[in-house]
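Visitor: Chains as they are written, first to last, in the numbering used here: chain A, 1 to 203; chain B, 1 to 575.
A couple of the hints might just be wrong.
Pair by pair, the computed Cβ-Cβ distance ranges are [said to hold, decoys possible]:
| id | chain 1 | residue 1 | chain 2 | residue 2 | range |
| --- | --- | --- | --- | --- | --- |
| 1 | A | D95 | B | D321 | 35 to 41 Å |
| 2 | B | W5 | A | V37 | 46 to 52 Å |
| 3 | B | P254 | A | A91 | 34 to 40 Å |
| 4 | A | P182 | B | T55 | 38 to 44 Å |
| 5 | B | G263 | A | A91 | 46 to 52 Å |
| 6 | A | E108 | B | P254 | 36 to 42 Å |
| 7 | B | S553 | A | T126 | 54 to 60 Å |
| 8 | A | E108 | B | G263 | 45 to 51 Å |
| 9 | B | L573 | A | T126 | 57 to 63 Å |
| 10 | B | H125 | A | A91 | 52 to 58 Å |
| 11 | A | L27 | B | E479 | 52 to 58 Å |
Listed next, the in silico DSS-like pairs over lysine-lysine satisfying Cα-Cα at most 25 Å (straight line) [as the list claims (entries may be wrong)]:
| id | chain 1 | residue 1 | chain 2 | residue 2 |
| --- | --- | --- | --- | --- |
| 12 | B | K433 | A | K112 |
| 13 | B | K516 | B | K571 |
| 14 | A | K112 | B | K438 |
| 15 | B | K443 | B | K433 |
| 16 | B | K107 | B | K61 |
| 17 | A | K127 | A | K112 |
| 18 | B | K47 | B | K61 |
| 19 | B | K562 | B | K516 |
| 20 | B | K457 | A | K127 |
| 21 | A | K78 | B | K443 |
| 22 | B | K443 | A | K112 |
| 23 | B | K457 | A | K78 |
| 24 | B | K562 | B | K518 |
| 25 | A | K38 | B | K457 |
| 26 | B | K518 | B | K571 |
| 27 | A | K112 | A | K78 |
| 28 | B | K438 | A | K78 |
| 29 | A | K112 | B | K396 |
| 30 | B | K470 | B | K457 |
| 31 | B | K443 | A | K38 |
| 32 | A | K127 | A | K142 |
| 33 | B | K443 | B | K457 |
| 34 | B | K396 | B | K433 |
| 35 | A | K78 | B | K396 |
| 36 | B | K396 | B | K443 |
| 37 | B | K457 | B | K396 |
| 38 | B | K17 | B | K216 |
Just so you know, these hints were derived from the structure itself, not from any lab. Quick reminder that beta carbons are idealized off the backbone N, C-alpha and C, glycines included.
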Amino acid sequence: MIDAIAQQPMLAALFALVSLGIVFGGLLGFAAEKFKVKGDPIIEQIDNLLPQTQCGQCGFPGCRPYAQSIADGDAINKCPPGGQATINAIANLLDVPAPALDEEHGEEEEIKTIAYIREDECIGCTKCIQACPVDAILGAAKLMHTVIVSECTGCDLCVEPCPVDCIDMLPVIQGIVQWHWPSPASNIDLIATSKIPRREDAA
Amino acid sequence: MSRIWETPGGVHPPENKQQSMTHSIGHLPLPATLVIPLHQHIGAPAKVGVTVGQTVLKGQKLTDASNLNNLPVHASSSGTVIAIDDRPVAHPSGLNALCVTIASDGKDQWIEHAGISDFRQCDPHNLLQMITEAGIAGMGGAGFPAAIKLSPSNDKPVDTLIINATECEPYITADDAAMQEKTQDLIQGIEIVGHILNNPSRVLVGIENNKPQAIKVLRSHIKERSIEVVSFPAKYPSGGEKQLIYILTGREVPSGGLPSDLGMVCLNIGTLIAIKRAIIDGEPLISRITTVTGEACGVNRNYEVLIGTPISHLLAHNEFDERNCSRLIMGGPMMGFSLTSTEVPVVKTTNCILAPSYSEIPSDLPAQACIRCGLCAEACPASLLPQQLFWYAQAKDQERLEAHNLFDCIECGACSYVCPSNIPLVQHYRSSKGEIRKANIDKIDSDNARQRFEFRKLRLEQADEQRQVKREARRLATEQARATNSSAQSGSSAADIIAAAQQRAMTKQSTPEQQKAKFERALLAAESRLEEAENRLTEATAHGTTEQQAICSASLESARQKVDQTQNRLKELSD
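Let the sequences and hints guide you as you build the complete structure.
Guide: Here it is, written out as structure tokens:
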């Protein structure tokens, strides 16, 4: 064996490298099959950041298709319900600059709204039930419908199909339980003397 | 004498405690109305159990069923319920919350109540039930239901009971006064809690050395008992639960954990006195000791105040000078919050009403840029990095805020106190905490929405598939029928179809004998019907109207035809 290698060093080296190549190639091939990641994980991650209102304001039928589209290179500023916070988060994830919200797709709302059905006026046409992307409307044909408030994402999709216009988008009431401290005003006025309040003002 | 440990950080603001300790605990005249908020503790409020116009007695429960999380509230005096509506409450938001308003009748008449004289014979579960029924929430400031604290869920037995008599915040002397004047109640409260917790091996009363009078009184009263009074140098914020536990035992409560994880329970002086009253006297929590102080008040002292007393009533009896008051604070100057209305009622957690003058606590100076001096990091009792947190709070970088343990911040305000740039650091942290909590809730909601959306999509797809399958099956069936039709006869007319149907019917009859038997049966039936029809006709001609006669004759005719038809068929068959 050693003699053979000594006599044919070129062949021996070639043989050694080829066999190493085969072994590692086989390992890599095995690993690629064994540890295969199903689906594109980036889509999953983007989808996790989107607000899941499923409103379609971005032009896609739901949040996941938009996530898919972003992964394929679409603009990340088409989601009004998520607003700037979502844009920033996605920009952070994809390591791209965060643009401002594209006004074409709608404006960011300050206060979250939720659909309410004026139940006396509801004729029971089930059109809103079919429109609701998250099954948050309860009812049956020719019977009154109502919105399950805790499940409503405020996507607006039920408002348009209603033939008697009995659906209102009402702001969510911010009670004491939901309240949290506001961020203190930013320190724009750096000249302290201009801000010392006079006694009469404060009283 | 126990060893004491020193906490990191801390500040020494002017104490200003002596003003309110010159008088003993006072009592106020009964206010005309009592406003009792339903939500005075951590947890969900219980449901209202009274109606407008109902007469209530002092100590009567105003809510229906209660449990550990939904503590009840009680009428602080007798009178009539005049309103159940949203009113301003003691909350930094200045928002309204549901309150029961009682117009007191001046009689202050108690509801029938009875305590237990010998609590040692009583099962701890029953005692806990009594504590819950009495609506006792931690009276130090947070309002955590006392019964939950006293029944730790994990199996770790409680070996140390810590009594928080620190009262480290400036101006507040409510616990100090209570210790001096209600010593017996306090000690009985400690004994009851000791019994509930199955007599923990150590009972430590942690008290700052700036209350020598209280230390003396306590030590003289509990000489022979297993309770140890531990005094330590005053420093703000030694009264924080985690800080006090460290000072007394040298052990740190884990981040995000509770004292019960270490086998400890920490209770406030006020809570213990309330527990004594609930068990021994059977009285629910309807009053508490509150310090009324500040230069804008002519009189500074402690009061035993009924829960629900409007602040305006307190101030009116303390020579309150509104023009001299820079702001009205509930709680102390470090952790308290400004009130927007003087109609706010005193609640279970109100330990102090502070009405400082402009010179005492001037309005906040505008914040300036952080100069990275690092004083805040030195002052932080939780060993956090306040300036780092401040940057991340401004950048709204929630991930990093959490990584820097924002949620270990006890919001004591020491960092803001030392900040030379007047940066309202604590408010930044509170705001960030709120935003992170909200983001977490939103995340749960959005996950839920995604799940529902995906389920709906799946359901619609399945329904579509099923419809598709049905449609396919129908299409195949029609095609097949068409194929058989066209192969049987090319020009199929109506007569042909009828003939084919008759053919099919005929083939179903197996033998001529069976057919014959069938026709014979039919003939018999037809004949009997004919007979019946004849009878009816004769009856109709005798009694009935012409119309009935016509009907009967028609049916007779049809029966006759049927008989003829059947006879013909039978004849055909026999041929």
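Visitor: Next, verify each hint and record whether it holds.
Guide: Going through the hints against the structure:
1. A:D95 / B:D321: 35 to 41 Å: 60 Å, violated
2. B:W5 / A:V37: 46 to 52 Å: Check passed, 51 Å falls within 46 to 52 Å.
3. B:P254 / A:A91: 34 to 40 Å: 36 Å, holds
4. A:P182 / B:T55: 38 to 44 Å: Taking Cβ atoms as reference, P182 of chain A and T55 of chain B lie about 42 Å apart, which means the hint holds.
5. B:G263 / A:A91: 46 to 52 Å: 47 Å, holds
6. A:E108 / B:P254: 36 to 42 Å: 40 Å, holds
7. B:S553 / A:T126: 54 to 60 Å: 56 Å, holds
8. A:E108 / B:G263: 45 to 51 Å: Taking Cβ atoms as reference, E108 of chain A and G263 of chain B lie about 50 Å apart, which means the hint holds.
9. B:L573 / A:T126: 57 to 63 Å: 60 Å, holds
10. B:H125 / A:A91: 52 to 58 Å: 56 Å, holds
11. A:L27 / B:E479: 52 to 58 Å: The hint (52 to 58 Å, Cβ to Cβ) holds, given that L27 of chain A and E479 of chain B are roughly 56 Å apart.
12. B:K433 / A:K112: Holds - the C-alpha atoms of K112 of chain A and K433 of chain B are around 20 Å apart, at most 25 Å.
13. B:K516 / B:K571: 10 Å, holds
14. A:K112 / B:K438: 13 Å, holds
15. B:K443 / B:K433: Status holds; Cα separation ~15 Å.
16. B:K107 / B:K61: 18 Å, holds
17. A:K127 / A:K112: Holds, because 23 Å separates the two Cα atoms, which is no more than 25 Å.
18. B:K47 / B:K61: 11 Å, holds
19. B:K562 / B:K516: 16 Å, holds
20. B:K457 / A:K127: OK: K457 of chain B and K127 of chain A at ~17 Å, within 25 Å.
21. A:K78 / B:K443: 20 Å, holds
22. B:K443 / A:K112: 15 Å, holds
23. B:K457 / A:K78: Satisfied, since the Cα-Cα distance of roughly 23 Å is no more than 25 Å.
24. B:K562 / B:K518: Satisfied, since the Cα-Cα distance of roughly 14 Å is no more than 25 Å.
25. A:K38 / B:K457: 21 Å, holds
26. B:K518 / B:K571: 13 Å, holds
27. A:K112 / A:K78: Holds. K112 of chain A to K78 of chain A sits at ~18 Å (cutoff 25 Å).
28. B:K438 / A:K78: 23 Å, holds
29. A:K112 / B:K396: Between K112 of chain A and K396 of chain B the Cα gap is close to 20 Å, so the pair holds against 25 Å.
30. B:K470 / B:K457: The hint holds at about 20 Å.
31. B:K443 / A:K38: Distance ~24 Å between K443 of chain B and K38 of chain A Cα, so the pair holds.
32. A:K127 / A:K142: 11 Å, holds
33. B:K443 / B:K457: Roughly 21 Å separates the two Cα atoms, so the pair holds.
34. B:K396 / B:K433: It holds: about 11 Å lies between the C-alpha atoms, which stays within 25 Å.
35. A:K78 / B:K396: With Cα atoms ~22 Å apart, K78 of chain A and K396 of chain B stay inside 25 Å; holds.
36. B:K396 / B:K443: 17 Å, holds
37. B:K457 / B:K396: Distance of about 35 Å is beyond 25 Å: violated.
38. B:K17 / B:K216: Cα-Cα ~18 Å, so holds.
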